[in-house]
Each structure stands twice: as C-alpha cells, then as structure tokens.
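Asker: Chains as they are written, first to last, in this note's numbering: chain A, 1 to 431; chain B, 432 to 862.
Where hints are given, some of them may not hold.
Chain A residues, not near chain B, derived (Cβ > 12 Å throughout) [said to hold, decoys possible]: (1) Asn20; (2) Arg49; (3) Ala367.
Taking lysine-lysine and the BS3-like style, the derived pairs with C-alpha atoms no more than 30 Å apart in a straight line are [stated by the list, open to error]: (4) Lys657(B) x Lys211(A); (5) Lys854(B) x Lys349(A); (6) Lys226(A) x Lys460(B); (7) Lys785(B) x Lys375(A); (8) Lys106(A) x Lys806(B); (9) Lys785(B) x Lys29(A); (10) Lys460(B) x Lys387(A).
Note that these hints are calculated values from the structure, not bench results. Note that CB positions come from ideal geometry on N, CA and C, so glycine has one too.
2 protein chains.
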Amino acid sequence: MKKAEIISVGTELLMGQVANTDAQYISAKLPEAGIGVFYHTVVGDNPGRVGEAVSRAFGRSDVIILTGGLGPTQDDLTKKAVADMFGLELKRDEETVRKIEEYFLKIGKKMVPANLSQADFPERSVILENSCGTAPGCAILFKNDVPKAVAPDKADKIIALLPGPPREMQTMFDNELMPMLKAMSKLVFKSRYYSIIGVPESEVEKRLIDKIDGCVNPTVATYVGKGYVSVRVSYSGEDAEEVKKTLRKYDTLMKKRFGDDLFSTRGESVQENFLRRMKERGLSFSCAESCTGGLVAELVTSVPGASSVIRAGIVTYSNLAKIELLGVPSETIGAFGAVSAETAAEMAKGAAMKCCTDVAVSVTGNAGPGVMEGKEQGLVYIAAWYKGELEVGEFRFGGGRENVRTRAAVTALDMARRLVLRKTPEKKPSI
Amino acid sequence: MKKAEIISVGTELLMGQVANTDAQYISAKLPEAGIGVFYHTVVGDNPGRVGEAVSRAFGRSDVIILTGGLGPTQDDLTKKAVADMFGLELKRDEETVRKIEEYFLKIGKKMVPANLSQADFPERSVILENSCGTAPGCAILFKNDVPKAVAPDKADKIIALLPGPPREMQTMFDNELMPMLKAMSKLVFKSRYYSIIGVPESEVEKRLIDKIDGCVNPTVATYVGKGYVSVRVSYSGEDAEEVKKTLRKYDTLMKKRFGDDLFSTRGESVQENFLRRMKERGLSFSCAESCTGGLVAELVTSVPGASSVIRAGIVTYSNLAKIELLGVPSETIGAFGAVSAETAAEMAKGAAMKCCTDVAVSVTGNAGPGVMEGKEQGLVYIAAWYKGELEVGEFRFGGGRENVRTRAAVTALDMARRLVLRKTPEKKPSI
Numbered sequence: 001m002k003k004a005e006i007i008s009v010g011t012e013l014l015m016g017q018v019a020n021t022d023a024q025y026i027s028a029k030l031p032e033a034g035i036g037v038f039y040h041t042v043v044g045d046n047p048g049r050v051g052e053a054v055s056r057a058f059g060r061s062d063v064i065i066l067t068g069g070l071g072p073t074q075d076d077l078t079k080k081a082v083a084d085m086f087g088l089e090l091k092r093d094e095e096t097v098r099k100i101e102e103y104f105l106k107i108g109k110k111m112v113p114a115n116l117s118q119a120d121f122p123e124r125s126v127i128l129e130n131s132c133g134t135a136p137g138c139a140i141l142f143k144n145d146v147p148k149a150v151a152p153d154k155a156d157k158i159i160a161l162l163p164g165p166p167r168e169m170q171t172m173f174d175n176e177l178m179p180m181l182k183a184m185s186k187l188v189f190k191s192r193y194y195s196i197i198g199v200p201e202s203e204v205e206k207r208l209i210d211k212i213d214g215c216v217n218p219t220v221a222t223y224v225g226k227g228y229v230s231v232r233v234s235y236s237g238e239d240a241e242e243v244k245k246t247l248r249k250y251d252t253l254m255k256k257r258f259g260d261d262l263f264s265t266r267g268e269s270v271q272e273n274f275l276r277r278m279k280e281r282g283l284s285f286s287c288a289e290s291c292t293g294g295l296v297a298e299l300v301t302s303v304p305g306a307s308s309v310i311r312a313g314i315v316t317y318s319n320l321a322k323i324e325l326l327g328v329p330s331e332t333i334g335a336f337g338a339v340s341a342e343t344a345a346e347m348a349k350g351a352a353m354k355c356c357t358d359v360a361v362s363v364t365g366n367a368g369p370g371v372m373e374g375k376e377q378g379l380v381y382i383a384a385w386y387k388g389e390l391e392v393g394e395f396r397f398g399g400g401r402e403n404v405r406t407r408a409a410v411t412a413l414d415m416a417r418r419l420v421l422r423k424t425p426e427k428k429p430s431i
Numbered sequence: 432m433k434k435a436e437i438i439s440v441g442t443e444l445l446m447g448q449v450a451n452t453d454a455q456y457i458s459a460k461l462p463e464a465g466i467g468v469f470y471h472t473v474v475g476d477n478p479g480r481v482g483e484a485v486s487r488a489f490g491r492s493d494v495i496i497l498t499g500g501l502g503p504t505q506d507d508l509t510k511k512a513v514a515d516m517f518g519l520e521l522k523r524d525e526e527t528v529r530k531i532e533e534y535f536l537k538i539g540k541k542m543v544p545a546n547l548s549q550a551d552f553p554e555r556s557v558i559l560e561n562s563c564g565t566a567p568g569c570a571i572l573f574k575n576d577v578p579k580a581v582a583p584d585k586a587d588k589i590i591a592l593l594p595g596p597p598r599e600m601q602t603m604f605d606n607e608l609m610p611m612l613k614a615m616s617k618l619v620f621k622s623r624y625y626s627i628i629g630v631p632e633s634e635v636e637k638r639l640i641d642k643i644d645g646c647v648n649p650t651v652a653t654y655v656g657k658g659y660v661s662v663r664v665s666y667s668g669e670d671a672e673e674v675k676k677t678l679r680k681y682d683t684l685m686k687k688r689f690g691d692d693l694f695s696t697r698g699e700s701v702q703e704n705f706l707r708r709m710k711e712r713g714l715s716f717s718c719a720e721s722c723t724g725g726l727v728a729e730l731v732t733s734v735p736g737a738s739s740v741i742r743a744g745i746v747t748y749s750n751l752a753k754i755e756l757l758g759v760p761s762e763t764i765g766a767f768g769a770v771s772a773e774t775a776a777e778m779a780k781g782a783a784m785k786c787c788t789d790v791a792v793s794v795t796g797n798a799g800p801g802v803m804e805g806k807e808q809g810l811v812y813i814a815a816w817y818k819g820e821l822e823v824g825e826f827r828f829g830g831g832r833e834n835v836r837t838r839a840a841v842t843a844l845d846m847a848r849r850l851v852l853r854k855t856p857e858k859k860p861s862i
C-alpha cells in the first residue's frame, strides 16, 4: 500500500481562522485509491519551512500532496520551493498564459506581470487544470526518486501541488489528481455508508465491535452526522466485482443488528431519506414547530426538490401563535402547558388541517438554557400525524441548546418515517 | 515571542473522519497569550511516530501542545511516549484514582484496571483537570531543556497533553492551560471583532489593506461568518490599559470606512445583533419564508432568549399556503408570480397582520438548482415591514442553493435592522 502525507501551506491555518478541511477532504478520499495517510503537516507561507517539510516527506512517503501557497498573493511559494529541491527549472506554459489572458479580458481587469507567474511550472511536471479559479496545480512524477515524465502507472512516487481554496482544491483533486493516483496504486477501493437513528454512537460501535477491532480489510468506522450515526464499511481488492459483492453482504448484517433504526443503506441524511420516502408515496408534508424554531422546515427544504413534498411550516413561538395559527385550543395549553404531549398532538393535527397535508409533525419543548414553566431543559414532546393517525412521544435530549434542537428536529422526521412505513409497508424494503 | 506548535494524535484525523478543529481552536487562542503558532502536525495512534514528532518539536519550539491519544482506548499513548523521551517515570496520582473510582460508582459501571492508567502521569508534571470527561491532561515545564517543577513564569518551555474530544480539550485548554501560558509569556493580548454585512470579503480586505499588509502589531484579519464578514483587530503589549486604548481607536476607523454596513463592534452575528436591537426597543417579530424554508426563523431562534421577540414564523412553500396562511391575494401571485416584489410585500404584510408583530420580514425567491417559473437561480425578493412601513428589495445571490438561502436569510434580518434604525435612530449609536 502506498503511503501518503499532506502538507498544507497557509498562515490562516496557523492563525486558527479556518480548520484544515483540505487535509480532511483528501484524507477521506485517498483510501478510495488504496492509499493510506500517515501525516498531516501545516506550515506558514515560508519557503524555508515548506522546503524542509517536503524534503522530510519525500524521505518517508510515496504520495505527497501540498495544498495552498499557489497564486500571486503567496508568490507561488510552493512551486518554487519544490522546483528548487529537485533542481528543476520553472518553465512558462503558453497554453496557461493564453487562459490567464483570456480570463482577465473577460472580467475586464488589468493583468499585472505577477499574474503570469501562475503559468510557470517545474519542468517535467503535469499541469492540473483549475476549473474553478485561475491558479492551476501541477504534479511531478518520480521513478527511482528521479523526476520523470512517465505515465502514472509507471511512477513510484508523486508530489502534487493543489490550490488552497477548498472548492478549487476539491474539484482539481477529484478530476485531475485522483485518476492519476488510482492508476499508480492499481487497487479498487469501495465504501458503503449506513445511516442509523435512535442509537448513540458508542452503542453502534459496541454492536459492531467484532467488525471494527483489529479488522484491516474490510474496515468499519462510525461517525456522527446531524442527529444520526453514519457507519462506513470500506473494502479494497484487485477485482471490482468481488469488492462489490463483499460489501453487499454488510446490508444483511446491518439490517440484522439495527432493525428499523437503520434508515438508509445509501448514506442519506435523515432529511434526505425522509423526503425520498415521502416522494415515493406521493405524500405532502407540513410541520408545526415551537422550540426547534424552524429547523424542521429548514432541514427538509435544504434538500433540492423539497417543494413537491413540503407545503408549509408554521413556527409558533408564543402561545397566542399556537392558538391563532394552528388552532390549538387555549384550554389545552391552559390545562397541560405549552410543553406537553397534549399540545404537541394539537399542533400536529393543526398543521395537517391548516396546511391540508397527508403527513405533519410537531415539536414543542424546552431547548434551554434553564428551566421553563417548570419543564427542565431538554424535555421535548414530538407528535406525528399521518392521515388521521396520531402518535406522540416524550423525549429528554442532553447537551446544549443546539443539540436539543437538532435531535428534536431529526427525531420528528424519524417519527413520521416510522409511522408512514408501518401504515404503508414495502414489499421489498428500500433502505 | 514564544513559538508554539500543535501535535494532534488520532487515526480518525488521518482517515478524514473529522477536521482538525482542536488545532484550529488552540491556534486561534494562542495569540491571546502572545504566542505564535508555527506548525501543526497530525500523526496516527503510533508511539514511534508520536515520539519522533515531539522530539522534532522540542528542538524548534517553546510551547508544544499535544491533543488526543489520552484515555484507555488509545492506551495512554502520548503520556508514555513523552515520558520515555525525557526518561521520566509514570507515577500514579491518588487524587485522580479517587475521582475515577467515584465516577464509575456514579455511573454504576465496573471499572477495569485499564481505566486506572488514566491516573498515571510523568513525574514532575502538573495535572490538568478534565471537567467534561474522565481522562485528565498534564503539562511538563522545562528550565534550560530539563523537566522542572517550577512556576510557569519561571519556565522557558512547556509540553502539554490534552484530550482529543473537542469539548473536553477546549474546557481544559481555557481553564487549566491558558493561565499557565499567559504567565509564561508575560504579554497582554486583546482583540476586537467587527461585523460587516453587504460588503464582500475581498472588498473589506481592500478597504483595510493599509492596516493588513506588513502590519505586525496591531494585526487585522478578515474572515467569513454566516452571511457576513468578521474583522479581527489584535494587539499585544505589556500594559493592559494601553492595549485597550489602542484597540478602541479602531471603532472610529471602522465606522468611517464601513458606515451602516458595520453592524456590530462586539463580534455579534447578524441574528444576535438583530435580536439585541429588537429587545432594546421592545419590538416583536415574525417572518414569512418561501425559498429560505424556515432558515430566518431558525437563525433568530438559535439565539437564547429569542422568545421575547419572535412570535411566529410561517414557511409557505406552495402558492396555496401563501394565500391561505398569509393572506396573499391570489391575483398578486397570478399577475406577478410567487417570486416577485409584489408577492414579497404581501407576504411581509401578511406575517405582520397574522402574527400581530411590529416587525416582519419575508423572503421569496429561487434558491435553485435550475430556473423556476422563468426566474433564474439566486433571484430573491425580500421585504421588511415596520409598523406600517414597507420596504422591498431585489437581490441576485451567487453560489449554490445553500449560499443563496443563507445570504437571503441574513439579508432579510439586515433589511429590518436598517429600517428600524432609520425610523428610531439612536442618540448614541450602539453598534
């Protein structure tokens, strides 16, 4: 297996202005090419420290990816540092010059000579196109530690220089660099992603511990999504068909271990999955929210194509709004309080009636901070409505205000999912 | 100025499961202690590579902070690696043993011997309390490169070991480590944060370029918040009063250069600032949203104490919902379309009327992807209502669906802020 390391160049990282998401993005992708990541390094815009980091990396790794330090404001720092290290000249690429000139003509700005330095690349390097910005990247391939203009599958080492801005970096990495790395490593690597709700991450890990501990291929990893737990199963091999078959077996295993809590075998978020199921059944949706303050509606509408499902959402932060906008009887609020199962039920029903939808959910609770009308922080009532069927649940969510709101919002969508699935079961379950 | 570097230990970082937010958090804070950050390094859970990284850091830096690799699952990797490096024994701390036993008694679980290894620390180290978890951290102070149990202001180097989970790490860093670092560096460091809306980051930078380029103390940096631009001005000196006075001068400068686009000199987000101004004036608020799908309400209610201001929010994703829930005349939608200045105006008015609030905003537009009813992606109409006064704006926001929604939501709150400020100007402007 090829060893990789990532060197990120940028004072803004050392100042803590941004997290190193470039290193995260690349690290998550490299296993797909059968390449393991062993180091991340961050250095400032300083040629000496960049050179030193690259030199150390070259001694211990096969794949060295630099991000940042391209472009005129940083004086094309990394290109010079890397070229110097291997005694390579910087050569101007006429095709790139033409593109830069075209770009400045198009935006109607005057080009300064410094801009042209973006067209200079270490000799013998492959230019990586930047389809989202002006600074192209480049890659130097090595054979027996000597820079060589060989095909990627003939190379044994590579140093790639990518821009720092995440969108530019990601596009260039996916389209230009990744195919070269896959050619170099000759392995097929695939992952399947499972989404689970209602089970804490520690418990998910516990139930899969026999597949996690000491397992090298396939590997199983859990991580936390927005209100749910995601499980990634990854496997690499030389035969694509065999890789696919091995991974597919995990569908049965996951279903057996997590039952209905496993809501997606496609890596969907709670809202993506919810929306797809509603669409498949042609159902319309509305919501009534108190403590989540619009988060349920926001989650659902953040998915493109939500408009064919969600008709409306009503955020009722005050009691008066609950009564007037949702038709909750003032007696219900008077007798049980705004944070109660009874009010939650009336809110869901009210949303379904006022918005004329098949499905509706409601959330009312205390997101905190502090106790509210005698209800402790984290106490939330959630109701789901499906064509006249009503279900209400009481929940106690831990963590701060933000966590309570997120957990409450996804739990509301999940409750509606379970209710709908129970009433309209699938012959061949699609998860 | 002391030189720092951060070494993060964790395979989950090298797998790209999480971004290195620990390094970001620490890097953003260290300047407050007058300490500069020169390197970040990430290594896996491997004693050899951890030891090598610490050894290199010790040769070139004064402050070395490790995160991760504490706790029983990682076999207390970093403590052993660091102790070995300096020939220090690991000694059991009885006070910590007592706390761990108490913890397991409380949660009713059986303690295994591995848990007790958390009570072992390199001799001569200071124990850093973990108020959010079980694994304490520790710090080793050095005098002339020799580990010494001296007071922080007498030490010239320090190696600190912090846990990896962000909440535990942050609390320990702030409460336990930061005071030691400040004592070591003997400098006072302060920052002021300014929030600007309606001016792109590149333009903010341009207008401040004389204060950014080549400036070492104070330093000025810009970064992007949720729909606004934040400017940090930082200054360090030996006299607290002088530091404060120097920074205060920037209030006038920023006001002169950004006028009403500068909405906060306290580093507030758009929604925090909006809510504070509404509260100061005792105004009530509601919103009517189409393409933002609940994001305006969600932003406002994400701030604790929002309930005294926001009464309700109505998300009307369908035309029928706009007509029935907000009272938008069907003729208006018929004549001008759902995405129009006329519909936006009726929506804001409708929200104010239906929810009986002083202030209301509305958003209707096409967040994309693709063209909708002949309206291109990014075209958004926003209206603000203040006690009968109505204002409507047409906007074209770039970027993808998420960016259009965020920009639209904060612009709506900003429009209401400007309208209210114009109608109720302040004698002594509070920004």
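Asker: Holds or violated: are the alpha carbons of Lys854(B) and Lys349(A) at most 30 Å from each other?
Answerer: This hinted pair is violated, its Cα atoms lying about 40 Å apart.
Asker: Does Lys460(B) pair with Lys387(A) here, judged by a C-alpha cut-off of 30 Å?
Answerer: violated, 54 Å
Asker: Would you mind confirming whether the straight-line C-alpha gap from Lys785(B) to Lys29(A) stays at or under 30 Å?
Answerer: violated, 50 Å
Asker: If you draw a straight line from the CA of Lys226(A) to the CA of Lys460(B), is it 30 Å or shorter?
Answerer: Answer holds: Lys226(A) to Lys460(B) is near 27 Å, not above 30 Å.
Asker: Taking 30 Å as the top limit, are the C-alpha atoms of Lys106(A) and Lys806(B) close enough?
Answerer: holds, 25 Å
Asker: Hinted pair, alpha-carbon criterion (30 Å max): Lys657(B), Lys211(A). Please report holds or violated.
Answerer: The hint is violated at about 40 Å.
Asker: Taking 30 Å as the top limit, are the C-alpha atoms of Lys785(B) and Lys375(A) close enough?
Answerer: At roughly 29 Å apart (the allowed maximum being 30 Å), Lys375(A) and Lys785(B) satisfy the hint.
Asker: Is the Cβ of Ala367(A) more than 12 Å away from each Cβ in chain B?
Answerer: violated, 8 Å
Asker: Was Arg49(A) rightly flagged as not at the interface, with every chain B Cβ beyond 12 Å?
Answerer: violated, 7 Å
Asker: For Asn20(A), is the shortest beta carbon distance to chain B beyond 12 Å?
Answerer: Since the minimum Cβ distance to chain B is about 5 Å, Asn20(A) lies within 12 Å and the statement is violated.
Going through the hint list in order, the structure does not satisfy hints 1, 2, 3, 4, 5, 9, 10.
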